[in-house]
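Visitor: Using the sequences plus the hints, can you model the full thing?
Here is what each chain is made of, one letter per residue.
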Amino acid sequence: MAYLEVRNVRKRFGDVVALNGVTVSVEQGEFFTLLGPSGCGKTTLLRIIAGFEEPDEGEVSLEGQDITGLPPHRRDMGMVFQSYSLFPNMTAEENVEFGLRIRRRPPQERARRVAELFELIGLAHARKRYPYQLSGGEQQRVALARALAVEPRVLLLDEPLSALDAKIRVQLREEIRAIQTRLRITTVYVTHDQEEALAISDRVAVFSRGRVEQVGTPSEIYQRPANAFVAEFVGTMNRLEAVVRDDSGGVDYRGLRLKVYEARGFRPGTRVLLLIRPEAIQLQPGGTGLTGRVVSRVFTGATTRVRVQLDLGGQLVVDVPSAPAKGLVPGLEVAATFGPDDVAVLALPEEPSVGQATQRSPSGPGGAR
Amino acid sequence: MKGPRGFWRLVWLTLAALYFTVPLVATAEFSLRGGAGRYDLSAYLFILRDPQFQASFRLSLLLALETMALSLALLVPTAYWVHVRLPKVRPLMEFVSVLPFVVPPIVLVVGLSAVYRGAPEFFVGTPQILVAGYVVITLPYAYRSLEVGLRALDLRTLTEAAQSLGATTGQILRWVVVPNLRSAMLSGSLLILTVVMGEFTMANVLLFYTFPVYLNYIGETHATPAAALTVISFGITWAAMLGILALERQFGARQAQVGAR
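For the record, the sequence lines run as chains A and B.
Per the working numbering, the first sequence starts with residue 39, numbered consecutively.
Per the working numbering, the second sequence starts with residue 793, numbered consecutively.
Hints are computed from structural coordinates only; laboratory data are not their basis.
Don't take every hint at face value.
Stated by the list, open to error - Simulated coverage check for chain B against chain A, where a stretch passes if three residues somewhere in it have a Cβ under 8 Å from a Cβ of chain A:
hint : segment
1    : 940-949
2    : 953-966
Stated by the list, open to error - One-sided excerpt, in silico: chain A residues whose CB lies under 8 Å from chain B:
hint : residue
3    : M115
4    : F376
5    : G377
Claimed, not checked - Cβ pair distances, simulated, as ranges:
hint : chain 1 : residue 1 : chain 2 : residue 2 : range
6    : A       : P109      : B       : V888      : 48 to 54 Å
7    : A       : A40       : B       : L1037     : 27 to 33 Å
8    : A       : P145      : B       : T1029     : 42 to 48 Å
9    : A       : D53       : B       : L807      : 58 to 64 Å
10   : B       : M885      : A       : D94       : 26 to 32 Å
11   : A       : I206      : B       : V970      : 32 to 38 Å
12   : B       : V888      : A       : R141      : 34 to 40 Å
All C-beta atoms in this analysis are idealised placements derived from N, C-alpha and C, irrespective of residue type, glycine included.
Guide: Take a look at the structure:
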């Protein structure tokens, strides 16, 4: 049995189903992220774990003990919130000390622990400041220290970085990960930012409409999405509809024969979706095969994002290192190639129905349509 | 301040200023008249030396303090609970809190007497019976002050943060809610003070000799000391109002900075 388990949890608010039968398990010391678009239920699940909401059905257990009905103040979980949540009437130091004071720890122990934590978050100089004298990033660091002070059994973070500037966000997420790794504290982290989720997690659960779509390591989620939603939500993905031709990985894209290793398990004749990351595709001027024309390119720094209109129909989004991308001017004829193991394959429903494309693919950037 | 618009602005401002200051200055001037065309402080000395003034003033002050204590003890937990747990009840609370404005004090007195009929005599005989009525008539002021204070805080998140750190509701009230509402509670208390120091109807009908009743008695019997007393009571009100303004400035400045980068 896992350290923290959520079994078959359902929760509705009025007519809105926030969680529709969710089961996840988190191992001790793991950094586990709940990822999904807003309204997918990830925050509701975190609040249920914290005890702020009660599930309509299902249960939550910690270390094998059912805690579903336990009030939040008896759960021994530390939480960091999205909005600034430091007590405005207390200094940074008093904030961090709060949980220890509630637990009636002796003064010397409290002082030692508080000093340790300020050392850990690198804010020893700001101990005597009030929240309004701290920057947003500093406030969230103090909030983290406050949650860690009581040595919680689980650390819960509800989009703690979303109110911060981009640069501080990246820096602070690395710090959070470093501290988590050092303390080996079981952590559940909520975010809608897929890059953030991939960067700091041991495992990620992707949520959509109150359900878990996939649970896996960041590279599993990124390279082998379990379904179209995950493929679309996590990063940019090119999608090509094809038909399996033989059992050695041959597929047919609008008359063009391609080699895709992952198609080997599928019965010939099956309609499949080929999923290819923009950075897995190479472009050469001229050539044969998957040919097309450059329609646009957007410089994003290290790489340039090139959009190619395929001669067979459909578009590809390709990330090219910026130096060679200089030659890829709009209008240029190119051929696209990719390795046979760089493609993920998903089976499509047997009988295509009208409007199936919209049903399958929640709109996202970069889909080859 | 150029052109006709500036001119009219000045005219209206002057008229408004005169409207407020003339009666005050006239009262103050009258209170200083010592007879035979001389000015002195005899009217003030008369008031301050009058044992009835001291007694009635002390009684009203005591009632004000008791009203503050009872009001805050009732309203702080209620307002907090409504804010955090029952936001749907908030419109109802707002409605209830302004009800005392539409019920005339005399009706309230009759109602109170009806309620207390059959209550033990020692209680009906003490001025403390007024406190219950005062809590009601000061409710709009006290509740509004607390509302403003509560609205400036993200109490839901603060409550949840405290809960996750192991705090019970009592501990949250004591360590988080009350300290952050201190300014709101003070300004509510000062409003209660000014209302109680000026409430005449209830005390008069229930036959208690409070400060406003004394003020009324002096007004009917001693002309100059009455003016002096008016100036004194006006001074009390103003001190309380300035106190609120000063507090709000301090409070507002701090609130604005919470969450700053």
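Visitor: Is the gap between the beta carbons of I206 (chain A) and V970 (chain B) within 32 to 38 Å?
Guide: At 33 Å between Cβs, range holds.
Visitor: Between P109 (chain A) and V888 (chain B), does the beta-carbon spacing fit 48 to 54 Å?
Guide: The hinted range 48 to 54 Å is violated for P109 (chain A) and V888 (chain B), with Cβ atoms some 30 Å apart.
Visitor: Could you see if the CB distance from M885 (chain B) to D94 (chain A) stays within 26 to 32 Å?
Guide: Taking Cβ atoms as reference, M885 (chain B) and D94 (chain A) lie about 29 Å apart, which means the hint holds.
Visitor: If you look at each residue in the segment 953-966 of chain B, do at least three have a Cβ nearer than 8 Å to any Cβ of chain A?
Guide: holds (count 9)
Visitor: Holds or violated: is there a CB of chain B closer than 8 Å to the CB of F376 (chain A)?
Guide: This hint is violated: F376 (chain A) lies away from chain B, its Cβ roughly 44 Å from the closest one there, beyond 8 Å.
Visitor: Confirm or reject the claim that D53 (chain A) and L807 (chain B) have a C-beta distance inside 58 to 64 Å.
Guide: Since D53 (chain A) and L807 (chain B) have Cβ atoms about 59 Å apart, the given range 58 to 64 Å holds.
Visitor: Do the beta carbons of P145 (chain A) and T1029 (chain B) sit within 42 to 48 Å of each other?
Guide: 46 Å, holds
Visitor: Can you let me know if the beta-carbon spacing of V888 (chain B) and R141 (chain A) is within 34 to 40 Å?
Guide: Once the Cβ atoms are compared, 39 Å apart, the range 34 to 40 Å for R141 (chain A) and V888 (chain B) holds.
Visitor: Is the hinted range of 27 to 33 Å satisfied by the C-beta distance from A40 (chain A) to L1037 (chain B)?
Guide: 58 Å, violated
Visitor: If you take the shortest Cβ to Cβ gap from G377 (chain A) to chain B, is it below 8 Å?
Guide: Because about 46 Å separates G377 (chain A) from the closest Cβ in chain B, which is outside the 8 Å limit, the hint is violated.
Visitor: Should the hint that M115 (chain A) touches chain B count as held when the rule is a Cβ pair under 8 Å?
Guide: 6 Å, holds
Visitor: Cut-off 8 Å, C-beta pairs, minimum 3 residues; does the coverage of the segment 940-949 of chain B by chain A stand?
Guide: holds (count 3)
The structure shown violates the earlier hints numbered 4, 5, 6 and 7.
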